[in-house]
Amino acid sequence: MKKKLTIAAVLTVIMGLGGVVAKAAVINGAGASFPAPVYRVWTYSYKKATGTRVNYQSVGSGAGIRQIKGKTVNFGASDKPLKKADLDKHGIVQFPMLMGGVVVVINIPGIKTNQLKLDGKTIGDIFLGKIKKWNDPAILSLNLGITLPGIPITVVHRSDGSGTTWIFTNYLSKVSANWKNQVGTGKAVKWPVGLGGQKNPGVSGNVKRIKGSIGYVEYTYAIEAKLSTTTIKNKAGKFIGPSIKAFQTAGANADWNNAPGYYMVLTDQPGDGSWPITGVTYILIYKQQQNAAKAKTMLKYFEWCYSQGATAATRMSYVPMPASIVKMVKQMWAKEIKANGVAVYK
Amino acid sequence: MKSELISRKYLIPPELSDRVFKIITAIAAFVVIALMVAFFVQLVWYSMPSIRQFGFKFIISTEWDPVKNVFGALPSIVGTLITTSIAVAIAVPISFIAAMFLVESAPPCIQIPVSYALDLLAAIPSIIFGMWGLFVFVPFMQDYIQPFLAETLHLKSLPVFGDVYNGFGFLTAGLILALMILPFICAVMRDVFKMVPAVLKESAFGAGATSWEVSMGITMKYGARGMLGAVFLGLGRAVGETMAVLFIIGNSQNLSYSLFSGGTTIAATLANNFAEADGIFMSSLFELGLILLAMSFCIQIVGQLWLNRVSRKMGER
Numbered sequence: 001m002k003k004k005l006t007i008a009a010v011l012t013v014i015m016g017l018g019g020v021v022a023k024a025a026v027i028n029g030a031g032a033s034f035p036a037p038v039y040r041v042w043t044y045s046y047k048k049a050t051g052t053r054v055n056y057q058s059v060g061s062g063a064g065i066r067q068i069k070g071k072t073v074n075f076g077a078s079d080k081p082l083k084k085a086d087l088d089k090h091g092i093v094q095f096p097m098l099m100g101g102v103v104v105v106i107n108i109p110g111i112k113t114n115q116l117k118l119d120g121k122t123i124g125d126i127f128l129g130k131i132k133k134w135n136d137p138a139i140l141s142l143n144l145g146i147t148l149p150g151i152p153i154t155v156v157h158r159s160d161g162s163g164t165t166w167i168f169t170n171y172l173s174k175v176s177a178n179w180k181n182q183v184g185t186g187k188a189v190k191w192p193v194g195l196g197g198q199k200n201p202g203v204s205g206n207v208k209r210i211k212g213s214i215g216y217v218e219y220t221y222a223i224e225a226k227l228s229t230t231t232i233k234n235k236a237g238k239f240i241g242p243s244i245k246a247f248q249t250a251g252a253n254a255d256w257n258n259a260p261g262y263y264m265v266l267t268d269q270p271g272d273g274s275w276p277i278t279g280v281t282y283i284l285i286y287k288q289q290q291n292a293a294k295a296k297t298m299l300k301y302f303e304w305c306y307s308q309g310a311t312a313a314t315r316m317s318y319v320p321m322p323a324s325i326v327k328m329v330k331q332m333w334a335k336e337i338k339a340n341g342v343a344v345y346k
Numbered sequence: 001m002k003s004e005l006i007s008r009k010y011l012i013p014p015e016l017s018d019r020v021f022k023i024i025t026a027i028a029a030f031v032v033i034a035l036m037v038a039f040f041v042q043l044v045w046y047s048m049p050s051i052r053q054f055g056f057k058f059i060i061s062t063e064w065d066p067v068k069n070v071f072g073a074l075p076s077i078v079g080t081l082i083t084t085s086i087a088v089a090i091a092v093p094i095s096f097i098a099a100m101f102l103v104e105s106a107p108p109c110i111q112i113p114v115s116y117a118l119d120l121l122a123a124i125p126s127i128i129f130g131m132w133g134l135f136v137f138v139p140f141m142q143d144y145i146q147p148f149l150a151e152t153l154h155l156k157s158l159p160v161f162g163d164v165y166n167g168f169g170f171l172t173a174g175l176i177l178a179l180m181i182l183p184f185i186c187a188v189m190r191d192v193f194k195m196v197p198a199v200l201k202e203s204a205f206g207a208g209a210t211s212w213e214v215s216m217g218i219t220m221k222y223g224a225r226g227m228l229g230a231v232f233l234g235l236g237r238a239v240g241e242t243m244a245v246l247f248i249i250g251n252s253q254n255l256s257y258s259l260f261s262g263g264t265t266i267a268a269t270l271a272n273n274f275a276e277a278d279g280i281f282m283s284s285l286f287e288l289g290l291i292l293l294a295m296s297f298c299i300q301i302v303g304q305l306w307l308n309r310v311s312r313k314m315g316e317r
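These protein sequence lines map, in sequence, to chains E and C.
Everything in the first sequence is counted per our numbering, starting at 1 for the first residue and increasing by one.
Everything in the second sequence is counted per our numbering, starting at 1 for the first residue and increasing by one.
So that you can see chain E by itself, here it is in the shape it has in the complex (with noise of 0.2 angstroms):
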């Protein structure tokens, strides 16, 4: 009898705790690293705040965009925008989140944050491994009044695949022919010369503890890490140093209504204020929604994360995507996004 009483309560406990699963649709999603700070805030913040959970796993871009074609996460996140003949031809949207800055961080014994100001083909000549002292003449004549210690360069770069690594050499490539003929553009690439860190925080601890050294990471693990970031001349000519402002300001001059399928890189972008490696990060969804509730929790999230997530995201050094942009992708959704051949967002 007991034991009846007890198989009874167990089954009780499991078909309640199936209910419970069943009613509070899971949201997963899986991509960039870049900004998953900012994702974890916000799928936290979403979930005390409405109850929805979103699971959000920071395995890479390039793991994202595998998943969301493999079908196996309700959205991707990727650092590198899709072209729109990949996009259709797997039935995807992308439309950009966020968009942040990557920044070359050094340690120098006696050079203060932004003390050091840097140009493109200075930045690529370092990370080709052709300047190897601190006190090169390419270097100096960029810095009259500063003492460089003559201490040899150690280059730190990402030793996994990541789209913070394709945000930079993407800018090297524009502003280094040297760089753009002997390595390129990509989420991994030949790097010449230097270390590897495993991540953000690989990077930034190696150069913590690198006497000399030079990396690159985004902004938020830089202050995290109390690393000295560098000034950097921008296409305008002007020597700027990172900032929300300056990140703000590449994007402001971007021209969304002429990219299509959200294609947009912010990398050297003109105007006097604006931070030359910007990069945006995108979310990837399925045109045709399998299930209807779900697509809309779904876009709900986002809505949210654009109104909302805005503050979150500035107090850990994102710019949130300007109004403008956030009702044009409203307006994409409200198009493409189906479920059964009817419109999930209105």
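Where hints are given, some of them may not hold.
[To be verified] Straight line, CA to CA, 27 angstroms or less: simulated DSSO-like cross-link-like pairs of lysine-lysine:
(1) K71(E) x K335(E)
(2) K156(C) x K211(E)
(3) K112(E) x K226(E)
(4) K68(C) x K121(E)
To be clear, the hints were calculated from the coordinates, so they are not data collected in a lab.
Fit chain C to the supplied structure of chain E, relying on the hints for placement.
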């Protein structure tokens, strides 16, 4: 009680249940082989695009360019061989001496706690070694060991060292690996030395041999083959170690002569690149995995053969 036993009804007749049991155990055993074969087949299958495109050149090429999609495994293979060699070269003599001490001359009050510590050390997860390596050992190498080797011993003029160092690289990775495999090798060697029959040693002592002579002449000769087995076990672990090496090897695909310079191993290359790779890049990673599997497979087989021969010999005597 007895009547209960006799009247007990079987759900399945005993003859049948015996057969079912036999089949289940057979399946379970077969799963192991099936897994092994499946792994191998899958790796070969996924590496085919890379094997077809690069052929044998894959193994001897140092080119690793994800942008142009050209891949070569030599830096990874060489890195694996160098770090493993350093690890074995350091771990084997130390384990040998430690095991010798434990078996031959340590009093029980030392032998027992040290033996326990040895087994505990072998159980430390590799990620702990990696973290410790990155936060403690790398700065220590940069500040003390590498300057000592380069400046004080004037080894910096030799190409295998060089004068640029930052704590990371082959030497550091090799040393960490040595620490990781040391407890394994030492534990096996201790057991091998224990297998030496007491009669042999006692008669040697009786004949007037010193401790040194007994250790060298009896224990070591008797355990020579077992020791080789221990070395192979350590080798097997060092070759495939990923996390600990990843943190400290420097992750550079450029092949360098200097032990101070950064490099990579097969396992580290795989772990670094899997998330973002696709197409021929992914296929090349699978081929690297295949090479690693083949390497550790060979080491395990050779190691097992040695161990088998040793135990058979023990049985004969």
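Is the Cα-Cα distance between K68(C) and K121(E) 27 angstroms or less?
22 angstroms, holds
Does the alpha-carbon distance linking K112(E) and K226(E) stay inside the 27 angstroms limit?
11 angstroms, holds
Has the given pair, K156(C) with K211(E), been kept, meaning a C-alpha gap of at most 27 angstroms?
OK: K156(C) and K211(E) at ~19 angstroms, within 27 angstroms.
Take the C-alpha atoms of K71(E) and K335(E), compute the straight-line distance between them, and say whether it is at most 27 angstroms.
22 angstroms, holds
Violated hints: none; the structure is consistent with every hint.
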